[in-house]
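Given the coordinates of chain A, work out where chains B and C should sit on it, guided by the hints.
So the protein lines, in turn, are chains A, B and C. All residue numbers for the first sequence refer to numbering that gives the first Met the number 0, where the first residue is 0 and numbers rise by one. All residue numbers for the second sequence refer to numbering that gives the first Met the number 0, where the first residue is 0 and numbers rise by one. All residue numbers for the third sequence refer to numbering that gives the first Met the number 0, where the first residue is 0 and numbers rise by one.
Hints are supplied without guarantee of correctness; some may be wrong.
As the list claims (entries may be wrong) - Facing chain A, from chain B, some residues (calculated, C-beta under 7 Å): (1) LEU40; (2) ALA44; (3) ALA47; (4) VAL51; (5) PHE135; (6) TYR139; (7) PRO186; (8) PHE195.
What the hints assert, rightly or not - Simulated pairs of lysine-lysine, DSSO-like, Cα-Cα distance not exceeding 30 Å: (9) B/LYS5 to C/LYS144; (10) B/LYS31 to A/LYS281; (11) B/LYS5 to C/LYS195; (12) C/LYS15 to B/LYS260; (13) B/LYS260 to C/LYS144; (14) B/LYS260 to A/LYS105; (15) A/LYS14 to A/LYS281; (16) A/LYS14 to A/LYS105.
What the hints assert, rightly or not - Some chain B residues flagged as far from chain A (calculated, every beta-carbon gap over 12 Å): (17) ARG53; (18) ALA65; (19) SER138; (20) LEU141; (21) VAL204.
Derived by calculation from the structure, the hints in this document are not laboratory data. All C-beta atoms in this analysis are idealised placements derived from N, C-alpha and C, irrespective of residue type, glycine included.
If you want the building blocks of each chain, they are given just below.
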Amino acid sequence: MKESLSLKRYRGNTKWRSFTVAAWLGWQVESNWADPFLFSIYSVARPLAAVLILVVMYSVITNGVLDTPLFAYIYLGNALYMLVGAVITGVSWAVIDDRERYGMLKHLHLTPMDGYWYLVGRGMTKLLVATVSVLITLIFGVLVFGLPLDWATVNWGLFLSSTALGLICMTGIGLCLGALTLQTARHFWSMGEAVAGALYLFTGAIFPLDVLPSYLIPIGYLFPVTYWLEAARRALLGPHFVGFPTLAWLSDGALLAILAGFAVGLSVVSWLYYHWSLHQAKEKGLIDMQTSY
Amino acid sequence: MSELAKATGLKLFWYTVWARAYPRLIGSFREKSWMFFETVLPLLAVAAFVFVYRALDAPADYVGFAVVGGAMTAFWLNVLWSMASQLYWDKEQGNLEIYVMAPGSLMAVLLGMAVGGLVMAAARALTILALSTLLFGVSYQLGSLPFLAVIFTLTMIALYGMGMLFASVFLVAGREAWHLSNLLQEPIYLASGFYFPVRAMGFWVATFASILPLTLGLDAMRQLLFSAGATLGFLSVPAEASILAVMGVLFIGAAYQSLSKLEARGRRDGRLIEKRR
Amino acid sequence: MGANAVHIEDLGRIYKVRGPKHKGDARTLVALEHIDLNIERGELFGLLGPNGAGKTTLLKILSTLLLPTSGSARVEGLDVVKQAHGIRHLICMVSGGETSGYGLLTVEENLWMFARFYGLDNRTARQRIGQFLEVMGLADRRRTKISDLSTGLRQKMNFIRGFISDPKVVFLDEPTLGLDVSAARVMRQFVKDWMKAHPDRTILLTTHYMAEADQLCDRLAIIDRGRLLACDTPDALKRGLRREVTYSLKVTLGAQELTRERLQQVEGVRQVTITPSSNGYLELALILAHDEALTRVLAFLNGQKSSLISLDKHEPTLEDVFIERVGRGLDVDTSKRGAHE
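Isolated chain A (complex conformation):
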């Protein structure tokens, strides 16, 4: 039977095939709920609860005064940070899921699929779900708390380019964690979340970096998420954006250039580390280990 040229190209392109099949699989796994209503609640309740914790904390101290630049800073940073957690945990969790729950990791690695792009694909599903959560949170913020987000004044060029670069960086971090997970035990299900939680502290997600002790501030410069959040805030808040000293001296172009550098670097590092870790895992016979207790 003659194959079409496009089908031949699809079959021949292992990376693309691994990515698309993994994304499809990730969606099947994520959406395999008995109750779609519960799934909807889950996708809305968790992100809103997370942001409301900060809103209540803020409100308790300021006696309910919310129309300040700091509130917008905190709210927006927390909302956008959901993408960070989703991508980073999505990739590392896929390794645990495939290895320990479904016992499929070894079978996947018996196929000619590209493991690196497979993990990228699995992470993308979480990203998709998180994007919906981010949108809901932002809309909620605008409607309920008067978040100064005007779609007409958003700098879309800056937002989309910084977000695209930022996602590449986050995916790279997720892949590094996923690679580490190949060699570690089941309780590392929390590793992705723990790392994302830790980054919360040093990336200016929910408070300006200036609040950190001066000797800790430079740590923030080491993470791409710091620059992405700054660029995204500038783009989304437009004239309502009030910068804080730590990053105010960086122009929009500088932010994008730094992000681009990180994107390239993390892509290379994650690719190398993933393949090394996979090799180590195969050498130690860890691809099909079960570690529950």
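Positioned in the frame of chain A, the structure of chains B and C alone reads:
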């Protein structure tokens, strides 16, 4: 043919409890990497909330609230992930069948899981508490250590009783169990006031949130540990202690009833032996 | 030994089919229907059937993991529905391909944990663990974490778990599944030795391996699509097959040429196949109406000056019994059978 002497009744109950606690206790020491990932990294997350309060120039006691709340998340997560959905994981692995077939009660199995998990959670909580106290210069004004110990104990009994109740419900749940556990993280942190006085949520929300033992337990502990705690507390400490004691009895009783009913239902519907992935 | 270890009366089990359904999909699945069975104490009873026949469902009901939807069953005189807790003190089950246990615990620790669930004190538990590990050849692996064990060794450990509490009734659900020949042989020998040493105990074994069933079982039942088709000793089941008798003979060349037509003229010979062998002999495959016809064949060959070199009789096998009763092989899955009216 002479038969082996085997324990029954209460003796068998305790044998089962300690046998089930054993893998948790030993497993925690054999795979030591959790000591880093489940203490130091969560500490960083707690620190983030501390710095939010600092950014807001909040009074010093609020930093203490965040530290104590962050330490107590260890127990909530342990109940959620290592109690509530554990029977789901055991079902997946084939251990649940063996537990059900064994003459020891499932309550004993759950209690064993609780005991083992409590040790792990306590280590995490103490580490977070100790390091946070040192790093952020938290100062405590402890009223009564014995009373604090009583509050903590009552909170744990009620909390793990609730965990057993969740576990029995999840006995017949499939993959929804995992998602339900996931759903109950941030909303509970919010409703129960893990990082702020629960009174800030308003009377009715705080009242409904009090169904969770950690709500009142945290509130009581903060009142005993911090000078601002008393003015920002929801109910008085004796009142909260009494409610926690009643909760403990009710949750454990409900867990026992629920476990029996749901085990019977699981046997009837074939859910104890299915693997719904 | 007498007295029933297991008594099953008109047992049935219907499952509700969950999940998304399309038009025409069945809403219920009949796993078992009208099962009547008595297993005496001291028997090693086998249950044969293809995939999806209902063997595991039956075992799950008897081991109190599942409730029947109709009928009744008793294990050691106790009702599986109303007296499940009492039964649990008396039974254990081992399934093939099990992944139970905790990976971070050693073999000894896992077995100790399960022994404690059955109420054994520490000393007794450790003593029995040591004995069983020796018997099953796992003594040198007692301190190995089970996550480091191969499938076969893990199954051996699970096998030990099934016997460590000294149960009165043991359910073995395809216990040698996926094991290599020597490991399977060790397990079968263990089962035989255990039954010999404990004549008051009972084992109910499900298996796909005919030879295993033939070798081990005192009696066996054939189950298919939830129904019991036959129940008897292996020999009686084989004898019950109405079959012609098949013989293979190797003979020397006779004075005259031996032909199929000439042999078929001998009374009682239904079918003949003659194959010259490489060393100058003739191999005859004969289907005879009855054993007595063999005498006439031998007399005929003698008359032709043809000498008998070897003679083999082909007995019907359990597989023959199975195929005749069930109508197909063991590997045909019937688990997706549709709705019952």
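Cross-check of the supplied hints:
no.: 1; hint: LEU40; result: 4 Å, holds
no.: 2; hint: ALA44; result: 4 Å, holds
no.: 3; hint: ALA47; result: 4 Å, holds
no.: 4; hint: VAL51; result: 5 Å, holds
no.: 5; hint: PHE135; result: 11 Å, violated
no.: 6; hint: TYR139; result: 20 Å, violated
no.: 7; hint: PRO186; result: 4 Å, holds
no.: 8; hint: PHE195; result: 5 Å, holds
no.: 9; hint: B/LYS5 to C/LYS144; result: 27 Å, holds
no.: 10; hint: B/LYS31 to A/LYS281; result: 22 Å, holds
no.: 11; hint: B/LYS5 to C/LYS195; result: 23 Å, holds
no.: 12; hint: C/LYS15 to B/LYS260; result: 19 Å, holds
no.: 13; hint: B/LYS260 to C/LYS144; result: 36 Å, violated
no.: 14; hint: B/LYS260 to A/LYS105; result: 39 Å, violated
no.: 15; hint: A/LYS14 to A/LYS281; result: 21 Å, holds
no.: 16; hint: A/LYS14 to A/LYS105; result: 18 Å, holds
no.: 17; hint: ARG53; result: 5 Å, violated
no.: 18; hint: ALA65; result: 8 Å, violated
no.: 19; hint: SER138; result: 19 Å, holds
no.: 20; hint: LEU141; result: 24 Å, holds
no.: 21; hint: VAL204; result: 10 Å, violated
Going through the hint list in order, the structure does not satisfy hints 5, 6, 13, 14, 17, 18, 21.
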